[in-house]
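Q: The hints should help you fit chains B, C and D with the ligands onto chain A, whose structure is shown.
Protein chains: 4
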Amino acid sequence: MSVKVAVNGFGTIGKRVAEAVLKQDDMTLVGVTKTKPDYLAMIASRMGSLYVPEDRVEKFQKAGIEVQGTLKDLLEKVDLVVDATPGGVGKEYKPLYEKFGVKAIFQGGEKHEVAGFSFSTLCNYEEAEGKQFARVVSCNTTGLLRLICALRNHFKVKSVRATIIRRGADPAETKKGPINAIVPNPVTLPSHHGVDVRTVLPDLDVQTVAAVVPTTIMHSHVLNVRFEEPVTREDVLKVLEEAPRILVIPSELSGVKDTAKIIELARDVGRKRYDLYELAIYEESVSVEGDELFLMQAVHQESIVTPENVDAIRALTGLVSKEESLKKTDSTLGIVR
Amino acid sequence: MSVKVAVNGFGTIGKRVAEAVLKQDDMTLVGVTKTKPDYLAMIASRMGSLYVPEDRVEKFQKAGIEVQGTLKDLLEKVDLVVDATPGGVGKEYKPLYEKFGVKAIFQGGEKHEVAGFSFSTLCNYEEAEGKQFARVVSCNTTGLLRLICALRNHFKVKSVRATIIRRGADPAETKKGPINAIVPNPVTLPSHHGVDVRTVLPDLDVQTVAAVVPTTIMHSHVLNVRFEEPVTREDVLKVLEEAPRILVIPSELSGVKDTAKIIELARDVGRKRYDLYELAIYEESVSVEGDELFLMQAVHQESIVTPENVDAIRALTGLVSKEESLKKTDSTLGIVR
Amino acid sequence: MSVKVAVNGFGTIGKRVAEAVLKQDDMTLVGVTKTKPDYLAMIASRMGSLYVPEDRVEKFQKAGIEVQGTLKDLLEKVDLVVDATPGGVGKEYKPLYEKFGVKAIFQGGEKHEVAGFSFSTLCNYEEAEGKQFARVVSCNTTGLLRLICALRNHFKVKSVRATIIRRGADPAETKKGPINAIVPNPVTLPSHHGVDVRTVLPDLDVQTVAAVVPTTIMHSHVLNVRFEEPVTREDVLKVLEEAPRILVIPSELSGVKDTAKIIELARDVGRKRYDLYELAIYEESVSVEGDELFLMQAVHQESIVTPENVDAIRALTGLVSKEESLKKTDSTLGIVR
Amino acid sequence: MSVKVAVNGFGTIGKRVAEAVLKQDDMTLVGVTKTKPDYLAMIASRMGSLYVPEDRVEKFQKAGIEVQGTLKDLLEKVDLVVDATPGGVGKEYKPLYEKFGVKAIFQGGEKHEVAGFSFSTLCNYEEAEGKQFARVVSCNTTGLLRLICALRNHFKVKSVRATIIRRGADPAETKKGPINAIVPNPVTLPSHHGVDVRTVLPDLDVQTVAAVVPTTIMHSHVLNVRFEEPVTREDVLKVLEEAPRILVIPSELSGVKDTAKIIELARDVGRKRYDLYELAIYEESVSVEGDELFLMQAVHQESIVTPENVDAIRALTGLVSKEESLKKTDSTLGIVR
Ligand SMILES: NC(=O)c1ccc[n+]([C@@H]2O[C@H](COP(=O)([O-])OP(=O)(O)OC[C@H]3O[C@@H](n4cnc5c(N)ncnc54)[C@H](O)[C@@H]3O)[C@@H](O)[C@H]2O)c1
Ligand SMILES: NC(=O)c1ccc[n+]([C@@H]2O[C@H](COP(=O)([O-])OP(=O)(O)OC[C@H]3O[C@@H](n4cnc5c(N)ncnc54)[C@H](O)[C@@H]3O)[C@@H](O)[C@H]2O)c1
Ligand SMILES: NC(=O)c1ccc[n+]([C@@H]2O[C@H](COP(=O)([O-])OP(=O)(O)OC[C@H]3O[C@@H](n4cnc5c(N)ncnc54)[C@H](O)[C@@H]3O)[C@@H](O)[C@H]2O)c1
Ligand SMILES: NC(=O)c1ccc[n+]([C@@H]2O[C@H](COP(=O)([O-])OP(=O)(O)OC[C@H]3O[C@@H](n4cnc5c(N)ncnc54)[C@H](O)[C@@H]3O)[C@@H](O)[C@H]2O)c1
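Protein chains in written order, with this note's numbering: chain A, 1 to 337; chain B, 1001 to 1337; chain C, 2001 to 2337; chain D, 3001 to 3337.
Looking at chain A on its own, in the form it has when it is part of the complex (with noise of 0.2 Å):
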């Protein structure tokens, strides 16, 4: 059996997670929806299939692109749709899908309550068994989530004090800024994302502060994690290298030593838009007193949520187990371990 996907909002997670479907061999990859007749659009007319909202068939028959049909056509056809239109869109769609009964995966610009669900594989995988929707949890959410889940599956994890610096804009939103500034976002603390990591470890003592800064590239985190009991170094490091989607770089021995340079190395060995779908942690970074740790990690805020997208496409639909959903997803995206 194949589950037949439909992706809308053909955009910066729309693309990656659409491609990342082509590439399984339980799912097909019904169409997509594009809201303007770019050059985008005249690639994902040749993908997939491309459909557009009903308004805008004109729009791209004038601009000679051609498609396959509306929204509403593409939702007949299909057993599940991602939701990958921008933050706060998705809610409005949500009748829609209903509407139609498919499935349906929101992303993290997506309030937790749109789906009542929010998901990541190492930490919830299997309680999305059945649901109609799931909500992918945010890029910085998600890399939280991965190191906490790692960590939680073989230490007592106490609490969890993080600061989040965020890259100002992805790297072709030219409008967006800021040029020379640091923005604490929000001021009030502290931030959401420690609220939305208990979307799905509801009884995490987490706290985040976030600030956003004129970079374009990735997200880093700083991390202080406690645990109920003294931990090693060696230990820590040894369950971050054996955890599934984390990168562990040695920053020494290989000149990576910021974000700048983890982009080029997946610039080096040929990831598709230089994409990394791997949490990197600076190896060195990882410091341990007592019962306490610290360390930096790097989020590449384009393309980590595609793997959590391709397996919450197999969680909802029950396709297969997690291992094997982690095991499919990662062996197509070329994930190391």
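Hint data in this document are derived by calculation from the structure and do not stem from the laboratory. Please note that the accuracy of each hint is not assured.
Just some of the chain B residues that point at chain C, by a computed CB distance under 8 Å [what the hints assert, rightly or not]:
{"#": "1", "residue": "Pro1053"}
{"#": "2", "residue": "Val1057"}
{"#": "3", "residue": "Ala1063"}
{"#": "4", "residue": "Ser1254"}
{"#": "5", "residue": "Leu1265"}
{"#": "6", "residue": "Gly1270"}
Straight-line distance between alpha carbons at most 30 Å, and here's what the computed DSS-like set of lysine-lysine pairs gives [said to hold, decoys possible]:
{"#": "7", "chain 1": "C", "residue 1": "Lys2176", "chain 2": "B", "residue 2": "Lys1238"}
{"#": "8", "chain 1": "D", "residue 1": "Lys3175", "chain 2": "B", "residue 2": "Lys1111"}
{"#": "9", "chain 1": "A", "residue 1": "Lys272", "chain 2": "C", "residue 2": "Lys2176"}
{"#": "10", "chain 1": "D", "residue 1": "Lys3091", "chain 2": "B", "residue 2": "Lys1176"}
{"#": "11", "chain 1": "B", "residue 1": "Lys1175", "chain 2": "B", "residue 2": "Lys1272"}
{"#": "12", "chain 1": "C", "residue 1": "Lys2099", "chain 2": "B", "residue 2": "Lys1272"}
{"#": "13", "chain 1": "A", "residue 1": "Lys91", "chain 2": "C", "residue 2": "Lys2176"}
{"#": "14", "chain 1": "D", "residue 1": "Lys3004", "chain 2": "D", "residue 2": "Lys3158"}
Over 12 Å on every C-beta distance to chain A, these chain B residues come out as not near it, computed from the model [stated by the list, open to error]:
{"#": "15", "residue": "Lys1036"}
{"#": "16", "residue": "Met1047"}
{"#": "17", "residue": "Glu1252"}
{"#": "18", "residue": "Lys1257"}
{"#": "19", "residue": "Glu1283"}
Positions of the beta carbon are idealized from the N, C-alpha and C atoms, including for glycine.
A: Quick look at chains B, C and D with the ligands alone, frame taken from chain A:
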């Protein structure tokens, strides 16, 4: 009695300290030294008197800039030298200062050992008395110590965890990056800033992590302080508002919600060079949960150490008490409470 | 006689013009208007008097900021209003200004047609007399016109080709980008800046191209001017050095070799907000080959139009001659020759 | 016959040229050299074979990276070396290349005199034959020459005036600035780029001005070309669209309106490292008035010289004709027409 002061190194820090000394009624600026005959040298030659290293005399003459003499000529005339040469250069000058029997104040770019005594007005003014050398700690450490010592005056501080988001370069340093990256600095944790705090407060449990980002105007700190017992937000805010050299900014009321707007405020109120001697704390960021405090603060790296340098001159020469020095420095520099 | 002046819109341009008006002995600042009750409003309420649009009165009262009255109250008291509202908003106010029979000066964000007359002191001061409306051209156009009219006073200018490298946002505009891109603006050539120059010099053969880059402090222009006959570098330099409101910077001598160092110079000499009213030209860049001139100049976008606004007040109200206005404006603003 | 090629210096340029050589059926990559044992060295040791300067052998062994031999060992095995060491270093290696009797291709960071012959495929491929040394001109010069030689094939070019808006650093060069400035480079006009163009087209009337800005991804050029006689926009566009290695981008249609979106396009179509070998010209920017052409183009500095390096290997060794080389290079690199 008036202390006769020289400033060796008339750059970012030196020019500010020299101008601040000019405003004090208990010190005299005898001269400053420069190594390059640029426009600052012309300004310097107008301000106080301009002295240069011996091997540069000719260079300045060629550039048509009048000099009063050499560094050695200058050292003969003064009681104390503020060394504001680039990091690591001050150490080279120490033997000369010893030879001339002058007191010397080094900056944060020098190791603690160079002076053997690290200074921060609110924490250890009194300990300076009788010493020949002092080192005013770096801009980031000064910012951290202003906060910590203010808190310690009223609460029992158990531990401090801080993330330092550093500006990449001073505004006019156009050769330094990064342009588009977040750079762990250092990548090995914890960072040296915590160590630096302990040169002044040896018993403090403090750990820091630092990353450099592409901005020039201010550093930002994310603070997580734990106390021995629960505190209230109101108490903390009251302490901060009453502490010297701390500016608590009501962000919602004023619209001042990021480092760029803090600087705009300094420009609008007419601060020369938009210098902000005060540690700026976003009022809304001050958040307390039980015994734990979170807040975000911003440090104007170019100017925050200016008042501490002026105080250090008084502290080393035993002119007046800490309270008296604070009062004199702050009123002459226009620091508001 | 003293012209009674209002400033509508107390933002980047408005606050500077208001402060400049305060310094003139032949004009009186009756009041300024603000729409948001932020810290600038508090400063405004201290400076002149603060007026607000009718529908905002309550909002300011709630924020505890005293207002003197509404915009209409203000317009009744003045002879002339300087409109410094955001681009395109001034047009909406024109009927109101007409209704109240006040003269009005618009800014470069408005179309030429709004005022019907575009103003630049050195080019067409005299033409303003008797008019009700004038528009002070934009920062980039002001910079271009300062240069061109200075040259036209002494040489026959055949054509002007200019590349405008624009700052992406003003320093405190932290929401605007780009963060990491060069953005043709517009992508269709030639750009509107040449058209704007011709609102003042209709007969000029001028073509411009503009691109936006990730910097906040200054615009830069690359000029290629052709004359009817050969000129010498010496003659051009002499003209530029003697022209009003142009600062020819000897880069090698002073070390001032980029926009950041120009701003550092303005900070060091104590300009409020580091405002540089002068057009800055790098002396070394001035290069002549036969009938062709190349040079690079830098424009401090926030402040360059301040003197032209002050002059425009005098020009519209027929107070004094151009030479007299130039002298008054420049000496009160501290513009050096 | 297959030319045996070495690449000395496996950095930004070297790694690209080495990979491009691997794709050619008439050349063999014998080995590359690296000086630092970082992750690129590991990749290199997998790709071709890794050679290192004699004094580094031990260092690489310590880092656990296997090396095949020394640079001298490598030079003994090859016919030709592509020198991609940092600017100015290639010159130091020239005597060694002479000693080993190998042909050598230098990069734009070397002076013209080092090779005595500067190369750009479309302009002077045939002149390379029989020479021992060639220098592939810099990325900016390559971009300018692609345009100029394409135009010269069809029109009589009278003069070229160009403003070069340079990226401050390559993406992974995180130590280089500027962060917030526009830096004339050089401040003395005209810039050396025009001189560099004339190493290939000695008779051309070309003048350039360059400024560095805070971006990492692409350079941009503003071109003002004059012809001996009037041309039409249609004719120019046709020539550009048919010229090799030029990509004319319809900005309005595609939404690709700045350098960031050009790079996004390269990412989306799956170019490794988002390399854009083509010179990108914004279609809408192409504007003609009489005998004068304006346009804006963008240069991907990291990759634009890759095809020219491959061609230069063939040109120096007399393998095939220019047309044949263009065809082979472009089809293997996936350059579209
Ligand atoms: N960009 C990131 O870094 C990132 C990371 C993780 C999660 N997310 C989340 O993913 C979601 C999508 O973000 P993105 O960055 O891909 O946005 P985007 O702007 O790149 O893409 C959104 C796409 O939706 C389309 N669209 C816009 N309005 C639409 C409408 N009314 N109906 C249908 N399609 C519409 C747009 O054409 C575009 O193709 C958001 O919830 C966001 O918070 C983004
Ligand atoms: N810039 C900051 O943000 C900042 C903040 C706090 C502390 N500091 C510390 O202050 C010190 C000075 O830093 P800065 O930013 O003012 O540097 P700077 O480069 O701006 O100024 C240094 C000055 O020293 C002069 N100089 C250079 N070599 C010299 C020599 N051999 N002898 C005499 N003078 C010489 C230079 O001409 C220049 O005027 C450093 O220790 C630095 O770590 C800097
Ligand atoms: N900033 C520059 O670099 C610059 C340079 C030259 C010319 N200009 C032009 O000057 C004008 C003002 O630009 P700015 O940069 O000062 O803008 P700004 O946004 O800094 O200030 C605009 C001010 O107008 C107020 N305002 C907003 N809407 C209003 C309304 N409906 N009624 C009354 N007041 C309102 C705002 O509160 C603000 O105080 C524009 O035409 C702009 O194009 C700007
Ligand atoms: N980066 C660009 O945008 C660009 C574009 C066109 C041309 N170029 C030119 O290409 C050349 C290489 O530049 P790059 O950007 O690739 O530099 P790079 O710094 O990225 O790479 C240089 C390589 O040479 C190695 N190296 C350094 N010193 C060496 C030595 N003494 N002996 C042997 N190898 C040594 C380094 O390890 C590195 O691998 C320069 O001439 C440059 O001007 C660069």
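Q: Could you run down the list of hints and mark each one as holding or not?
A: Against the structure, the hints come out as follows:
no. : hint                  : in the structure
1   : Pro1053               : 17 Å, violated
2   : Val1057               : 18 Å, violated
3   : Ala1063               : 7 Å, holds
4   : Ser1254               : 4 Å, holds
5   : Leu1265               : 6 Å, holds
6   : Gly1270               : 5 Å, holds
7   : C:Lys2176 x B:Lys1238 : 35 Å, violated
8   : D:Lys3175 x B:Lys1111 : 23 Å, holds
9   : A:Lys272 x C:Lys2176  : 29 Å, holds
10  : D:Lys3091 x B:Lys1176 : 27 Å, holds
11  : B:Lys1175 x B:Lys1272 : 25 Å, holds
12  : C:Lys2099 x B:Lys1272 : 42 Å, violated
13  : A:Lys91 x C:Lys2176   : 27 Å, holds
14  : D:Lys3004 x D:Lys3158 : 42 Å, violated
15  : Lys1036               : 26 Å, holds
16  : Met1047               : 30 Å, holds
17  : Glu1252               : 8 Å, violated
18  : Lys1257               : 5 Å, violated
19  : Glu1283               : 9 Å, violated
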